[in-house]
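**Q** Given next are the chains, with one letter for each unit.
Protein chains: 2
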Amino acid sequence: MKNQLLLFLCCFLWAQIKLIAQKNDKADEDAFFIRDIYNTALTKGQSYPWLEYLCTKIGHRLSGSAQSLAAVEYTRQMLDTLGLDSVWLQPCMVPHWSRGDKEIVRISQSAMGSIDLHALALGNSIGTGPEGLSAEVIEVKRLDELETLGRDKIAGKIVFFNRPLDPTQLNAFAAYGGAVDQRGLGASRASKMGAVAVLVRSMTTRLDNDPHTGSTTYEPGVTPIPALGISTNDAETLSRLLRQDQVRVYIRNTSRMLGMKQSYNVIGEIKGSEKPREIILVGGHLDSWDVGQGAHDDGAGCVHAMDVLQVMKRMKYRPKRTIRCVLFMNEENGLMGGKTYAEISNQQHEFHLAAIESDRGGFTPRGFTCESEDKSFDQKFKRILAWTDLLGPYGLHLKRGGSGADISPLRGQKGVLFGFEPDSQRYFDYHHTAIDNFDAVNKRELELGVASMAALVYLLDKYGL
Amino acid sequence: MKNQLLLFLCCFLWAQIKLIAQKNDKADEDAFFIRDIYNTALTKGQSYPWLEYLCTKIGHRLSGSAQSLAAVEYTRQMLDTLGLDSVWLQPCMVPHWSRGDKEIVRISQSAMGSIDLHALALGNSIGTGPEGLSAEVIEVKRLDELETLGRDKIAGKIVFFNRPLDPTQLNAFAAYGGAVDQRGLGASRASKMGAVAVLVRSMTTRLDNDPHTGSTTYEPGVTPIPALGISTNDAETLSRLLRQDQVRVYIRNTSRMLGMKQSYNVIGEIKGSEKPREIILVGGHLDSWDVGQGAHDDGAGCVHAMDVLQVMKRMKYRPKRTIRCVLFMNEENGLMGGKTYAEISNQQHEFHLAAIESDRGGFTPRGFTCESEDKSFDQKFKRILAWTDLLGPYGLHLKRGGSGADISPLRGQKGVLFGFEPDSQRYFDYHHTAIDNFDAVNKRELELGVASMAALVYLLDKYGL
Chain A
0 MKNQLLLFLC
10 CFLWAQIKLI
20 AQKNDKADED
30 AFFIRDIYNT
40 ALTKGQSYPW
50 LEYLCTKIGH
60 RLSGSAQSLA
70 AVEYTRQMLD
80 TLGLDSVWLQ
90 PCMVPHWSRG
100 DKEIVRISQS
110 AMGSIDLHAL
120 ALGNSIGTGP
130 EGLSAEVIEV
140 KRLDELETLG
150 RDKIAGKIVF
160 FNRPLDPTQL
170 NAFAAYGGAV
180 DQRGLGASRA
190 SKMGAVAVLV
200 RSMTTRLDND
210 PHTGSTTYEP
220 GVTPIPALGI
230 STNDAETLSR
240 LLRQDQVRVY
250 IRNTSRMLGM
260 KQSYNVIGEI
270 KGSEKPREII
280 LVGGHLDSWD
290 VGQGAHDDGA
300 GCVHAMDVLQ
310 VMKRMKYRPK
320 RTIRCVLFMN
330 EENGLMGGKT
340 YAEISNQQHE
350 FHLAAIESDR
360 GGFTPRGFTC
370 ESEDKSFDQK
380 FKRILAWTDL
390 LGPYGLHLKR
400 GGSGADISPL
410 RGQKGVLFGF
420 EPDSQRYFDY
430 HHTAIDNFDA
440 VNKRELELGV
450 ASMAALVYLL
460 DKYGL
Chain B
0 MKNQLLLFLC
10 CFLWAQIKLI
20 AQKNDKADED
30 AFFIRDIYNT
40 ALTKGQSYPW
50 LEYLCTKIGH
60 RLSGSAQSLA
70 AVEYTRQMLD
80 TLGLDSVWLQ
90 PCMVPHWSRG
100 DKEIVRISQS
110 AMGSIDLHAL
120 ALGNSIGTGP
130 EGLSAEVIEV
140 KRLDELETLG
150 RDKIAGKIVF
160 FNRPLDPTQL
170 NAFAAYGGAV
180 DQRGLGASRA
190 SKMGAVAVLV
200 RSMTTRLDND
210 PHTGSTTYEP
220 GVTPIPALGI
230 STNDAETLSR
240 LLRQDQVRVY
250 IRNTSRMLGM
260 KQSYNVIGEI
270 KGSEKPREII
280 LVGGHLDSWD
290 VGQGAHDDGA
300 GCVHAMDVLQ
310 VMKRMKYRPK
320 RTIRCVLFMN
330 EENGLMGGKT
340 YAEISNQQHE
350 FHLAAIESDR
360 GGFTPRGFTC
370 ESEDKSFDQK
380 FKRILAWTDL
390 LGPYGLHLKR
400 GGSGADISPL
410 RGQKGVLFGF
420 EPDSQRYFDY
430 HHTAIDNFDA
440 VNKRELELGV
450 ASMAALVYLL
460 DKYGL
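Those protein sequences? They're chains A and B, same order as listed.
Each residue of the first sequence is one higher than the last, beginning at 0 in numbering that gives the first Met the number 0.
Each residue of the second sequence is one higher than the last, beginning at 0 in numbering that gives the first Met the number 0.
A portion of the hints provided could be inaccurate.
You can't tell identical chains apart in this list, so a pair holds if it fits in one copy or across any two.
[Said to hold, decoys possible] Cross-link-like lysine to any residue pairs, in silico, SDA-like; alpha carbons within 20 Å at most:
1. K461 with N208
2. K43 with E235
3. K398 with D388
4. K43 with R205
5. K379 with H396
6. K152 with K381
7. K25 with L464
8. K22 with R141
9. K43 with P166
10. K101 with S113
11. K461 with G258
12. K43 with D207
13. K25 with D35
14. K270 with R313
15. K22 with Y73
16. K22 with G193
17. K43 with P163
Note that these hints are calculated values from the structure, not bench results.
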């Protein structure tokens, strides 16, 4: 009896030791593989030359523009070189907005004489008509001030939204989130009170002369009025002049919506060897605004996603699950690519186990945020958190939080949606401006983004969720 | 008896609860104060305008140059505006090296005709004489290859050190550390084998046309020979040509050491109210190389240190211990400022409880590394690690590791030496080049560095070590 017990104990201990050893082996194997991913991305990456081509040979890529279609063709060709299992274009209809002539925003009656402000029409804005318009300016800091001021004070005027981004926010996206209602809804809300146009302080903490564009929305039933962004330096000037006296501003822009155009999402995938119906998506958006080169927003995200597949193919990695790269069209002013993609995916009863979007720039990686509508997400998130041991040494955290606009229509599939999170400090220096150019992207920072995303894809593929 | 026991138990529990509550209050108080430090640095910081002046109005600041003295005077004046308890200049003698005429490095006998390479004499290098020199080039990757090749193959030649920085190192300083022996010792070792000059591949993973300077050392007894850095693109070209054929290169530089000059460390301090003899030092180095503006190396570190004091004064913080800002002279080619400072400090029987150096650029903070010769450093480091709860939310780690060159002569005082550690990816794009300019520094990243250092100073001051 005693001997039997001893034997049993020995067997039990042996099993435990084996289990621990196996676990350690697995962890070691994962650590080695992730190190290999980093080495490959940092020495054999394609993201940087791809981004250079996209930015300097094609340039900005507004939905519906000729360049956006050139970008579709170029990225399809590059994916075609990787030996993937399939590469295809997914048609989608997108709005084509046109900026028109160079905008004029001119302070016409100041003691300093006439001052031209650095301005960009906001995306989707209507124009003033060829003769422009001139009106007195009234400054507000918040949307709800419009109600307080009342129609009497606002009707016939240009409303100037001038609430700066909060510089004490450590994450620049939090500062952006706290100010962007002015750009998105300012025109609608001011129009309801009879305003004739709006000017919006640019969405950056930086004081400079680079106006930021970005989408504005006309709410249903609202009379559209012209909406333009002005640079932060000019916002300071205009505000100073308004503290001294009444200010009239002349605005001219000829922006207009040209209607819907045919465009495409660009897709490439490696078919899963064991669970091909479980999809792990990596993506960014191929369209950009029509100024600068859309380097950080979101050329970086596109080449991140493409290079994840390149790195995996180069490493001869055979995924269990299907790994799919999607370059979405029309994130900036309509999200038609993301919506179309999810619609078709749902029709085909696909399941996205996970989707990772990179749309926060090509800066040094800090981690991933994730979200899900799955009821068992709490448990899943615990399993995700356990990967911190493997990703932490690369400076990556795993947190709950938003993911990305393009993949958000996939929420209903109840997979886990990840947002790649690079360092945020410089993003809003460039976002939606004429200086979001290739030269603002650092090669190593970009490549580290590829490696981070590929490492997460590897873990998702190997262990599921 | 039972009642007594109960009473005792109640008293004991009450004391425990109070202890925990006090601890929580303290932690809350610290968290609030650190948040205040960040808010102040991000809204009332002076580092960015100070750096702009230093870079764009004064420019590069090689030890012994007129600009280096202008920088001494400017930073002294700025410290004088802060209402510190004392501001003074500490004299030190520094070597004054002169680059001389624009360097020529010309491949003279290639099939492609003559090619001028982008080159900079390495700091401390001697010149070729006004007529220059011409010799065959031999490429090596490692210092010890010189021994293997032997004097026969090397004598009379120009040795070309061409080992690139390892791109798979995640920390760019580790990659630099693995390659910089070529720049520091290449000339000495090649001279011992009879070489007439050396060319050194620039210390960056980036492929570009910006040559990097940086200090080279002639070991005692060695015949000095000219030493020049060439850009990474040119290193690739030269290496390619050498694989095809013999290559002769013509080099001309007129660099020379001008001798010792009088210069200064710039110092300002807030006297401690309780333990004035325990000093907490924050510092950077005021000198730079003689190209570019020394923005990241190390204008950023200087304004970091100065702004820590500005922030503390603005917050009306009264430190228990003495908080001292030191802007060291001559880190780049002699360390005379750091050596002089430590010598005088030792003579005066001072004790630096802690010293924090910022000399890794003005990028987004990632944390601090620290080291000490104190025997009880293990225990001290445990206490330091406990601050991770307070600094972690700001993305700051606390690790063992090197601190900084200027404060290294303070090792003997057995305080704890900290190195501020910002993100390293971009540093070697700029380090020791003509593009290390103010425009390469992001305001928020710089200000976050000030806040990080001030937060650590606060904890050091409040709790000691």
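**Q** Could you run down the list of hints and mark each one as holding or not?
**A** Status of each hint after checking the structure:
1. K461 with N208: neither (48 Å within a copy, 43 Å between copies)
2. K43 with E235: Result: close only across copies, 17 Å inter versus 46 Å intra.
3. K398 with D388: both (14 Å within a copy, 17 Å between copies)
4. K43 with R205: between (35 Å within a copy, 14 Å between copies)
5. K379 with H396: within (16 Å within a copy, 27 Å between copies)
6. K152 with K381: Neither. Shortest intra-copy (54 Å) and inter-copy (62 Å) distances fail the 20 Å Cα cut-off.
7. K25 with L464: within (17 Å within a copy, 41 Å between copies)
8. K22 with R141: neither (55 Å within a copy, 40 Å between copies)
9. K43 with P166: between (38 Å within a copy, 10 Å between copies)
10. K101 with S113: Within one copy only: 18 Å inside a chain, 47 Å across chains, cut-off 20 Å.
11. K461 with G258: neither (45 Å within a copy, 64 Å between copies)
12. K43 with D207: Answer is between: at 18 Å across copies they meet the 20 Å cutoff, but 37 Å inside does not.
13. K25 with D35: within (15 Å within a copy, 45 Å between copies)
14. K270 with R313: Answer is within: at 15 Å inside a copy they meet the 20 Å cutoff, but 60 Å across does not.
15. K22 with Y73: neither (44 Å within a copy, 60 Å between copies)
16. K22 with G193: For K22 and G193, the Cα distance exceeds 20 Å both inside one copy (67 Å) and across copies (57 Å).
17. K43 with P163: For K43 and P163, only the inter-copy Cα distance (15 Å) is at most 20 Å; the intra-copy one is 42 Å.
Checked against the numbered hints above, the structure violates hints 1, 6, 8, 11, 15 and 16; every other hint is satisfied.
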